[in-house]
Amino acid sequence: MKTTDIDVDALLAPMAEHLRPLVEEAAEPVMIGIHTGGVWVAERLHQRLGLKESLGELDISFYRDDFTRIGLNPQVRPSHLPFNVDERRIILVDDVLHTGRTIRAALNEIFDYGRPAAVLLVVLVERSGRELPIQADVVGTHMDLVQGEHVKLNGPQKLRLTVHKLS
Amino acid sequence: MIEVPAGRTENLQLDERGRLRHFLTIEGLSRDMLLGILDAAESFVSVGRQAVKKVPLLRGKTIVNLFFETSTRTRTTFELAAKRLSADVLNINVATSATAKGETLLDTLRNLEAMYCDMFVVRHASSGAAHFIAGHVADHISVINAGDGQHAHPTQAMLDMFTIRRHKGEFSDLKVVIVGDILHSRVARSQIHALRTLSTGELRVVAPKTLLPGHLGRQGIRVFHDLAAGIRDADVVIMLRLQKERMQGALLPSTHEYFQLYGLTEERLAGAKPDAIVMHPGPINRGVEMESEVADGPHSVILQQVGYGIAVRMAIMSMIMHPAQDAPGAAG
Amino acid sequence: MRIRITGGRVIDPANGVDCWQDLYVAEGRIAGLGTPPAGFTEERVIDATGLVVCPGLVDICARLREPGEEHKGTIASETRAAACGGITTLCCPPDTTPVVDTPAVVELLRRRAKLAGNAWVWPLGALTAGLCGEQLSEMAALKAAGCVGVSNAARPVENTHVMRRAMEYAATHGLKVFLNPEDAWLGRGCVHEGEISARLGLAGIPETAETVIVARDLLLIEQSEVEAHFVHLSTARAVELVAEAQARGLPVTADVTAHHLHFTDTDVGAHDNRYHVRPPLRTQRDRRALRAGVVQGAIAAICSDHQPHEANAKLAPFADTEPGISGLETLLPLTLALVEAGVIGLGDAIARLTIGPARILGVDAGTLSQGAAADICVFDPRRRWVLEPARMLSCGLNTPLAGGTLTGRTRYTLLGGALVHAGEDSSHG
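Here the protein sequences line up with chains A, B and C, keeping their order.
So the first sequence is numbered by our numbering: it starts at 1 and just counts up by one.
So the second sequence is numbered by our numbering: it starts at 1 and just counts up by one.
So the third sequence is numbered by our numbering: it starts at 1 and just counts up by one.
It is worth saying that the hints were derived from the structure and are not from the lab.
These numbers were taken from a predicted model, which means no experiment stands behind them.
Cβ atoms here follow ideal geometry from the backbone N, Cα and C, with glycine treated the same way.
Take these hints with a grain of salt, some might be off.
[Said to hold, decoys possible] EDC-like cross-link-like pairs, simulated, lysine to aspartate or glutamate; straight-line CA separation at most 20 Å: (1) B:Lys54 x A:Asp65; (2) B:Lys53 x A:Glu131; (3) B:Lys209 x C:Glu207; (4) B:Lys61 x A:Asp66; (5) C:Lys314 x B:Asp107; (6) B:Lys54 x A:Asp66; (7) B:Lys209 x C:Glu195; (8) B:Lys53 x A:Asp86; (9) B:Lys61 x A:Asp112; (10) C:Lys314 x B:Glu103; (11) B:Lys53 x A:Asp112; (12) B:Lys61 x A:Asp65; (13) B:Lys54 x A:Asp5; (14) B:Lys83 x A:Asp144; (15) B:Lys54 x A:Glu17; (16) B:Lys54 x A:Asp86.
[To be verified] Away from chain C, derived, C-beta distances all over 12 Å, residues of chain B: (17) Asp139; (18) His193; (19) Leu252; (20) Pro253.
Required output: the full structure, derived from the provided sequences and hints.
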């Protein structure tokens, strides 16, 4: 495992700026972070953007498609969406976009709650290895990793990105 | 010398990796497994509070409530639990159908299997029925015991353990007393197994001799015939339901006398710890097992038990249908 | 047919015989031991080298299920299974459908048994009409038709007045009463009342269900002066009561089932239907006392309590299954296992299966006396074999020993000098 020398905070500034025009439009969007790393990123963006509605948090454990392989996660936290999803524009935030399956599960869960007007995807790191037709609208940084390499966001105080090689 | 082929073993419930395949009885399940179920249930409690009370875990699965003994309560909680997991539910009340016409239990099973279900939730009047069904059912079907005769009611025991952990914390510090008809109670048997496996500090039972099985003392359980003595300093008081048939069976003279001796009143409850909780599997016979002031009072967690019951059943169903790579507590 | 059985160890406890000698049979009777009778020319030789030759076994209680329950077994199939187990005489209880309370049913049983020709069958007649415990049965007629005793089978006689009069009436006709000691009320359960019943949540049958009736009946036996036999004792306390009464000179005997000498309530384990029997299997303490009773002689007979069942009867949750074990084919090996375990000597074990039960039934069997019917069992005490269900001869495969390994197997069985069973490794000229 090696820690990258990427300055995560420095990445957040341009990401927030990309989102600002959207926020200043008539109907303010709501933000949802995906546990756990996505929530850390969303909290910082939420603060920088000064959104009025509280941050929503999503735990997608129940919606994962690999349940039969990995089983029930005993540390599931409840999802918490303190707003009505219907007709809202949603900024969905996650730390790493890899295969796209997490986002697929998150979309499924959001749509069980209601029918949003639009969903915008924001990720801190977009890396190679997509398995579904999912793309991010705002990306902090790209990373090209090989098979067996994984990038992880560490937090919650000081955010760092580490790359792991799984044998 | 004779060598007898071994019979079925209790651990029909576990697969070759120690994961839950059926849920038939608390006996034979490890402490880690029980704690794993309680932990899983925690995640499901919140599902019941959300606006959208559903998760897609068991979507596409068919669960059959196979009740040979009528019970609206238990059947409803299983049905809710299954539906909240997005499963399809089939309710079969066998008491009024084929078996009443003389169809054997096995034939009923075969007919249901032909309909490609994934899980049977079984309640039956005969002890050992759930085991029997689990032992004869097709490989892909799992069985949950919703109560078999006087033998076991493991999901009830798990929701009771969940309640105790939620309200009182660590089991090893607790004095738990079970009051009532232990002899005929499948709930009590399962609770006793669970409380012992979870290393409960002190386990007591209170009942007249006619309602107690022998040999409890040998299992390290303190036996009392006097409620005041048994309830002293208790942290958890579990009241069992008294069935009217006990009067006919020459086991008790009357519900009046039962209430006089074993009914939980506020006065008697004062002998327990000040923050003791009162539990009951339901439905309560007010004025027999306890007076209304206790049932509705601040110590009672009876209504919460119902909610936890759904979460615990959701957890057990999920664990069976989606076993993790390793059993809870496995090394690694 | 003149037969010489050669090279075997002849054990005949009734005559105190235990020796390696040839046994001679002529005209269906025992013709000689050691030396042939004058002018004897053998027509057939049975090679019993290394085997035991003893009287054909006498099983004091076996259900043939006919008439009335032919889906469970028939006289033909079950007597065939008996022959395979070395049993040449058996006694069946009266709880058939219809009940054995008329001479017609007795005649039917004896006729069908004779036709099958596998074993001698001695029926017990009903103690009360229909086994209902209220009216006396026509005991004199039943005796005349061939019943060796009367019994109420497994149906308790609650009415003590009826029981007393029934005993007196039986005594009047010189009939022995066979008593199943079980109280109608305390006996409501399906396993021994103890740790196992408490754990499994099954209705228990306390010890007192048996001892209360043994005590009651002993007093009534004393009062009525009837000859009596207690069937299938299962408790240590009952053995004590019976031994005490015998010591006082009361003409009372008792038997025990082969399975009660081996299994206990612990074997019920996790609702194992194979061990659902009545009376129930009890504790280790009871088993020890039953074994001691057999050794000391208070219990003079070991029986099979054969109860064949169709598969469905055992395919249900425990309490919903029918009790009973199919025991004809395992009576001998189960008894021999006690010998191997050092509980009892071979001679005494064979006595409990031959002369002991024969005396209780009051029939001419269980011996190799000169002139006695040539009912002979030749068995290999060391043969290890697997009881394969597919090869069992009884219609009932309901035994915990199905698929199990046993030691001791019947090689030949002769009934009145005729060979009614020859085992697979047999060779006879």
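Consistency of the hints with the structure:
1. A distance of roughly 16 Å separates the Cα atoms of Lys54 (chain B) and Asp65 (chain A); the hinted pair therefore holds under the 20 Å criterion.
2. For the proposed pair Lys53 (chain B) and Glu131 (chain A), the alpha carbon gap of about 30 Å is over 20 Å, so the pair is violated.
3. Of the supplied pair hints, the one linking Lys209 (chain B) and Glu207 (chain C) holds, its CA atoms being roughly 17 Å apart against a limit of 20 Å.
4. Of the pairs offered as hints, the one joining Lys61 (chain B) and Asp66 (chain A) holds, with about 16 Å between alpha carbons and a cut-off of 20 Å not exceeded.
5. Between Lys314 (chain C) and Asp107 (chain B) the CA atoms are separated by roughly 14 Å; this keeps the pair inside 20 Å, and the hint holds.
6. For the suggested pair Lys54 (chain B) and Asp66 (chain A), the alpha carbons sit about 18 Å apart, so the restraint of at most 20 Å is met.
7. Pair hint Lys209 (chain B) plus Glu195 (chain C) holds up; C-alpha atoms about 16 Å apart against a cutoff of 20 Å.
8. Our distance criterion of 20 Å between C-alpha atoms is met by Lys53 (chain B) and Asp86 (chain A), whose separation comes to about 17 Å.
9. For the hint linking Lys61 (chain B) to Asp112 (chain A), the alpha-carbon distance of about 19 Å falls within 20 Å, and the restraint holds.
10. A C-alpha spacing of about 15 Å is found between Lys314 (chain C) and Glu103 (chain B), which places the hinted pair at or below 20 Å, so the restraint holds.
11. For the proposed pair Lys53 (chain B) and Asp112 (chain A), the alpha carbon gap of about 10 Å is at most 20 Å, so the pair holds.
12. The hinted pair formed by Lys61 (chain B) and Asp65 (chain A) meets the criterion: a straight-line CA distance of about 15 Å does not exceed 20 Å.
13. Proximity of Lys54 (chain B) to Asp5 (chain A) is assessed by CA-CA distance (about 42 Å); at most 20 Å being required, the pair is judged violated.
14. Using a Cα cut-off of 20 Å, the hinted pair Lys83 (chain B) and Asp144 (chain A) is violated, with the two alpha carbons roughly 43 Å apart.
15. The hinted pair formed by Lys54 (chain B) and Glu17 (chain A) fails the criterion: a straight-line CA distance of about 37 Å is larger than 20 Å.
16. Taken as a hint, the Lys54 (chain B) and Asp86 (chain A) pair is honoured in the structure, with Cα atoms around 18 Å apart against an allowance of 20 Å.
17. Chain C leaves Asp139 (chain B) outside its interface by the beta-carbon criterion, the shortest separation being 18 Å against a cut-off of 12 Å.
18. Its closest Cβ contact with chain C, about 9 Å, brings His193 (chain B) to no more than 12 Å, contrary to its assignment away from the interface.
19. Distance check for Leu252 (chain B) against chain C: the nearest CB is about 17 Å away, which clears 12 Å, and the non-interface claim stands.
20. Taking the minimum C-beta to C-beta distance to chain C, about 18 Å, the non-interface status of Pro253 (chain B) holds against the 12 Å cut.
This entry does not satisfy hints 2, 13, 14, 15 and 18, going by the numbered hints stated previously.
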